[in-house]
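**Student:** Build out the structure end to end from the sequences listed, making use of the hints.
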Amino acid sequence: MTHWPEQLVSSREAEFDTVDMTINIGPQHPATHGVFRMVLRVDGELVTDCEPYIGYLHRGLEKLTENHDYRQAMGWWDRTDYLAGLCCEGAYCMAVEKLAGMQVPERAEYIRVIMMELSRISSHFMFLGAFGADVGSFGTSFAYAWRERERIYDLFEEVAGDRMFPTYFRPGGITMELPENFEARCRQLLGQIRQGIEDLDGLLTGNEIFIERCCNLSPLDTERAIALGITGPILRATGLAWDIRKAEPYSIYDRLTFDIPVGRQGDIFDRFFVRLSEMYQSCRIIEQCLADMPKKGLILDPKLPKTLRIDKKECYVRNEGTKGEYGVYALARGGTKPYRMKLRSPSFCNLSALREMVVGNYVADAVLILGSLDIVLGEVDK
Amino acid sequence: MTQDSPAKSQLPAAGLADEIAKALPGIPVQAVETTTDLDLTVEVANLKPFVQGLRDRLAFDLLRNIVGIDFEADGMALKYQFYSFKDNRALQLTVTTGSGHPHVPSLVDLYPAADWHEREAAEMLGFVFDGHPNLKNLLLEEDLHIHPLLKEHPLQVGEVFQGIESGPVGFPS
Amino acid sequence: MSFGNAFFGYSWIDAIIRVVIVIGVMTVTVVYLTYGERKFVARFQQRLGPTRTGPIGLWQGFADALKLLTKEDIRPTNADRWVFEFAPYATFIPVLMVLIVLPFARDWGVRNLSLGMLYVFAVLGLNIVGIMMAGLGAGNKFALLGGVRAAAQMISYEIPLVLSLLAVAMIAGTLDLDKIALLQAHRPFILLQPLAFLIFATAMLSELHRAPFDIPVAESEIVGGFVVEFSGIRWSMFQLTEYASMWGFSIFGSVIFFGGWAFPKGLDWGWGWQLALTFIKSGAFILAIMWVRTTVPRLRIDQLMSFCWKVLLPLSLVQLLVNGFVLEYGWPQEVLSLTSLAGAAFLIAVIFRRAVRRPSKTKLVGAYRQAQVPE
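Protein chains in written order, with my numbering: chain A, 1 to 382; chain B, 1 to 173; chain C, 1 to 375.
Note that these hints are calculated values from the structure, not bench results.
Note that the structure is predicted; figures quoted are calculated from it, not measured.
Among these hints, one or two may not hold up.
[Stated by the list, open to error] Computed cross-link-like contacts, DSS-like style, restricted to lysine-lysine with a CA-CA straight-line distance of at most 27 Å:
#  : chain 1 : residue 1 : chain 2 : residue 2
1  : A       : Lys-313   : A       : Lys-303
2  : B       : Lys-151   : A       : Lys-312
3  : A       : Lys-337   : B       : Lys-151
4  : A       : Lys-63    : B       : Lys-136
5  : A       : Lys-312   : A       : Lys-296
6  : A       : Lys-313   : A       : Lys-296
7  : A       : Lys-312   : A       : Lys-63
8  : C       : Lys-71    : C       : Lys-141
9  : B       : Lys-48    : B       : Lys-136
10 : A       : Lys-313   : B       : Lys-136
11 : B       : Lys-86    : B       : Lys-48
12 : B       : Lys-22    : B       : Lys-86
13 : B       : Lys-151   : B       : Lys-136
14 : A       : Lys-63    : B       : Lys-151
15 : A       : Lys-306   : A       : Lys-337
[As the list claims (entries may be wrong)] Across the chosen pairs, the derived CB separations fall in these ranges:
#  : chain 1 : residue 1 : chain 2 : residue 2 : range
16 : A       : Pro-294   : B       : Asp-143   : 54 to 60 Å
17 : A       : Arg-355   : C       : Leu-69    : 52 to 58 Å
18 : B       : Pro-154   : A       : Gln-28    : 51 to 57 Å
19 : C       : Thr-70    : A       : Gln-28    : 23 to 29 Å
20 : B       : Asp-109   : C       : Leu-126   : 53 to 59 Å
21 : A       : Asn-24    : B       : Leu-11    : 44 to 50 Å
22 : A       : Asp-292   : C       : Lys-310   : 54 to 60 Å
23 : C       : Asn-78    : B       : Pro-154   : 49 to 55 Å
24 : A       : Glu-356   : C       : Met-97    : 47 to 53 Å
25 : C       : Trp-291   : B       : Ala-59    : 21 to 27 Å
26 : A       : Arg-284   : B       : Ile-27    : 43 to 49 Å
27 : A       : Thr-22    : C       : Ile-21    : 48 to 54 Å
28 : A       : Thr-22    : C       : Leu-48    : 40 to 46 Å
[Unchecked claim] Some chain A residues flagged as far from chain C (calculated, every beta-carbon gap over 12 Å):
#  : residue
29 : Gly-60
30 : Arg-147
31 : Asp-154
32 : Gly-161
33 : Met-176
34 : Asp-199
35 : Ile-209
36 : Arg-213
37 : Asp-301
38 : Pro-302
39 : Lys-306
40 : Arg-309
Glycine is no exception: its CB is placed at the ideal position from the N, C-alpha and C atoms.
**Tutor:** Set out below in structure tokens:
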């Protein structure tokens, strides 16, 4: 056996040392659902560290809101969760109404709930489509999901004039009355939506490869999720049946009956399935609203002032946004402009838990985990 | 859901102030009711023990939100929003500090959720959280050391040049 | 005339002319396969696909080819120059070499080799070298990841591919593709060896790195994998390789398992019918491949590898063993069918076991239940 000189042996061993590779899943990437960057340190295929970088879509929401009238600022707020703009409008209007002490007429509340639930369905369709694309179903799930979203947007356009950001809500009520054929149109849409959900369910849920990829990946237990500040479908997937619409009801949700789907171990499959089930519950809510809605009524508080001046008031309203708890903290100190308004965005809080979820999994799974968090960068970056 | 459940329609929890006074004696608080929550003001020095008491003895396990506010001449304030799953009630905590770069103890070791909220408050308003492991800029670029949400920071300085800058970008601080 | 004999004059002129014809057919086929895939996939996704270029978009493939040819040739400075430039060709040439032995009809092919089957899978293995060159030479971490994944995947799946084909070769007693087709004039080998067919189909999808095995080019994760730095002509070479090998594998598979040009009644009805049979069978294969791609998500690399080594490889070895026993002891051919069918059923059961055991639907909570702080 040859005896290698000492230096050669140690340098040979040094050659075999591996160094972790740094991969940048950069702001432009089909998998990151928007401008989001994460830097992964990988050892082969295993992720050893993950650092998320956000702020690419920071638009200065809070600063702008502080310098504009209460009713002007709404135009920016519905662009935070841009997939479900009407839910954001609802939260903002609730905040201003609490500050100003406005009462929203009943019919307006019902219409608001219908619009918010339709937005929720639209956002969850987006999730289903994008998640299917992440898993590799190459755009088929995407195309199915977008067909239904187009239908919902068509309805929004008929009702409010704009597809995504109609600025339909207003502090004190809603802007304009519904068109006459709304109920028939809405029922037709609900039928199509149910069919669409079933199609996507059939495409993805029973698929062996989908289950193989998603089950038991990144399980989360409830205690840890609460400590991390996670709310929404991810928290429900861990097994806790908590929904702000039931726990801290706002608007007319306390009159509606619906279930809260929960998961069992908080893994990716559970998160996916919870969102899928929530869509059926939203359909139920919309049907109840259509049935219970007062056929005639005011849609706007009749005592709205021309200039809205609010003295020292403070509130923190939260509503169940599509991704979790969408909270608006509002502070008024006289004048026509809010003194401070902060957005507690669910995606921001859910995303802060990314590192913990991703480390220890494979690169391919890192992308799936990010997809299952269902973030929307408008909210994350404000 | 019982009819008199305190968080129904997002109103301040009844009886919470007394319960807290009983459970956490020795820490002076001032209780006010906002439109939606009970608001307690504590001193900066008492913040951490108070929050620990809230978490351990009163089951406030969700830290929802941290808001930083600049009151110009009256200093700055931080508002913390807590929620208890067990009792279904919410709570707001206020901490008032001076202006400039006030030091506040970080709650990251008690609530990991505080991590990004504190980073955001730090970069937007200039708070310094002692004990935070990674107080880098979150939403702004890493090398941009401005605090945009301070009232003295202007909304916009003249026209914004939409081209290629020859020097560093940013508002004069 | 058997396609070993010269038809166009001297044997070397004949060879050249045949090769040129095959290349021409391949080019047009590949162009229309790209178009066909886009239309087919689009229909699955409830949209139309190309409709503008020419009637119903028929010139789309040529338009794409023209665009790619006129693109700027970008080479990253980090890339290893000669490896980067040669990689597309290194990937494509083996595929072209495979097309030489494939029989399209009785006398239609370039050259019939008596070692036809062996030649095919030996040469296809060279594909892997080209892909590794692409991955390593591009100077990009995503390409590196893609190249490494591709290498692992393709090398692993070669083994069940070869073993399953060997099982068929054992029954046929020959490696000569022409003779294999002739032997199936009355009964295709899929009836005798369904398990070998399933293993071949799965391994073929993996060699082609198409879904569900398209990890090397996982578009949503590593944005193109090993082809990410190639653009213009170089990228079109990779696409050419993919579709040409898809076509080549389809013809190969149809010859080995479905009787190629010979079944049914290929010998009786002349070369037109034989060509039509080849076309129909390979077309069905290609459609199946595209269908699977559109519908099914992709596997992760470790799941894929474990499927190969723990499921496909043992099954193909068992298949070989059983075949050996049957042929040695002269048992009737029906035994082959039955054992292979049992093996195929087992394989399908293994694949579906996950679906059977899938977690029951998440429970819907009837009434709101007071949120509990977990102990």
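**Student:** Give a verdict on every hint.
**Tutor:** Each hint, compared with the structure:
For the proposed pair Lys-313(A) and Lys-303(A), the alpha carbon gap of about 19 Å is at most 27 Å, so the pair holds. Straight-line distance between C-alpha atoms of Lys-151(B) and Lys-312(A) comes to about 18 Å, which keeps the hinted pair within the 27 Å bound. Restraint check: the Cα-Cα separation between Lys-337(A) and Lys-151(B) comes to about 13 Å, which is no more than 27 Å; the hinted pair holds. Of the supplied pair hints, the one linking Lys-63(A) and Lys-136(B) holds, its CA atoms being roughly 20 Å apart against a limit of 27 Å.
The suggested pairing of Lys-312(A) with Lys-296(A) is violated, with an alpha-carbon distance near 35 Å, which exceeds 27 Å. This hinted pair does not check out: Lys-313(A) and Lys-296(A) have alpha carbons roughly 33 Å apart, beyond 27 Å. A hinted pair counts as satisfied when its Cα atoms are at most 27 Å apart, and Lys-312(A) with Lys-63(A) qualifies at roughly 19 Å. A distance of roughly 24 Å separates the Cα atoms of Lys-71(C) and Lys-141(C); the hinted pair therefore holds under the 27 Å criterion.
Under the criterion of a C-alpha separation no larger than 27 Å, the hint pairing Lys-48(B) with Lys-136(B) is consistent with the structure, at around 22 Å. With a CA separation close to 33 Å, the supplied pair Lys-313(A) and Lys-136(B) exceeds the 27 Å bound. Proximity of Lys-86(B) to Lys-48(B) is assessed by CA-CA distance (about 22 Å); at most 27 Å being required, the pair is judged to hold. For the hint pairing Lys-22(B) with Lys-86(B), the CA-to-CA distance comes to about 19 Å; that is within 27 Å, so the pair holds.
For a cut-off of 27 Å, the pair hint linking Lys-151(B) to Lys-136(B) stands: about 22 Å separates their Cα positions. Proximity of Lys-63(A) to Lys-151(B) is assessed by CA-CA distance (about 9 Å); at most 27 Å being required, the pair is judged to hold. Distance hint between Lys-306(A) and Lys-337(A) is fulfilled; the C-alpha atoms sit about 14 Å from each other, no more than 27 Å. Evaluation of the 54 to 60 Å hint for Pro-294(A) and Asp-143(B) yields a pass: the beta carbon distance comes to about 57 Å.
Checked against the hint of 52 to 58 Å, the pair Arg-355(A) and Leu-69(C) fails, with Cβ atoms roughly 45 Å apart. The hinted range of 51 to 57 Å is not satisfied by Pro-154(B) and Gln-28(A), whose Cβ atoms lie roughly 32 Å apart. Restraint check, Thr-70(C) to Gln-28(A): a C-beta distance of roughly 25 Å satisfies the suggested window 23 to 29 Å. For the pair Asp-109(B) and Leu-126(C), the supplied restraint of 53 to 59 Å holds, since their beta-carbon distance comes to about 58 Å.
Here the CB-CB span from Asn-24(A) to Leu-11(B) is close to 48 Å, well matched to the stated 44 to 50 Å. For Asp-292(A) and Lys-310(C), the Cβ-Cβ distance of about 57 Å falls inside the hinted range of 54 to 60 Å, so the restraint holds. Look at Asn-78(C) against Pro-154(B): about 44 Å separates their beta carbons, and that is not inside 49 to 55 Å. At roughly 51 Å, the beta-carbon separation of Glu-356(A) and Met-97(C) lies within the given 47 to 53 Å, and the hint holds.
Our hint of 21 to 27 Å for Trp-291(C) and Ala-59(B) is violated, since their Cβ atoms are close to 54 Å apart. For Arg-284(A) and Ile-27(B), the Cβ-Cβ distance of about 46 Å falls inside the hinted range of 43 to 49 Å, so the restraint holds. Checked against the hint of 48 to 54 Å, the C-beta distance between Thr-22(A) and Ile-21(C) comes to roughly 51 Å, which is consistent with it. Judged by the Cβ atoms, the range 40 to 46 Å given for Thr-22(A) and Leu-48(C) holds: they are separated by roughly 42 Å.
With a closest Cβ-Cβ approach of about 31 Å to chain C, Gly-60(A) is found to remain outside the 12 Å limit, as its non-interface label requires. Not every CB of chain C is more than 12 Å from the CB of Arg-147(A) (nearest about 6 Å), against its label as outside the interface. Asp-154(A), annotated as away from the interface, keeps every beta carbon of chain C farther than 12 Å; the closest lies near 16 Å. Taking the minimum C-beta to C-beta distance to chain C, about 27 Å, the non-interface status of Gly-161(A) holds against the 12 Å cut.
Every CB of chain C lies more than 12 Å from the CB of Met-176(A), the least distance being 33 Å, so the non-interface label holds. The non-interface label for Asp-199(A) is inconsistent with chain C: the shortest C-beta to C-beta separation is roughly 10 Å, within 12 Å. With 12 Å as the threshold on Cβ separation, the claim that Ile-209(A) sits away from chain C is violated: the shortest Cβ distance comes to roughly 5 Å. Its beta-carbon lying about 6 Å from the closest one in chain C, Arg-213(A) breaks the requirement of being farther than 12 Å from that chain.
Residue-level check passed: Asp-301(A) sits 30 Å from the nearest beta carbon of chain C, beyond 12 Å. Even its closest Cβ contact with chain C, about 34 Å, leaves Pro-302(A) beyond 12 Å, as expected for a residue assigned away from the interface. No Cβ of chain C comes within 12 Å of the Cβ of Lys-306(A); the nearest lies about 41 Å off, and the non-interface call holds. With a least CB separation of 39 Å from chain C, Arg-309(A) remains clear of the 12 Å interface cut-off, as annotated.
Taken one by one, the earlier hints fail for this structure at numbers 5, 6, 10, 17, 18, 23, 25, 30, 34, 35 and 36, listed in ascending order.
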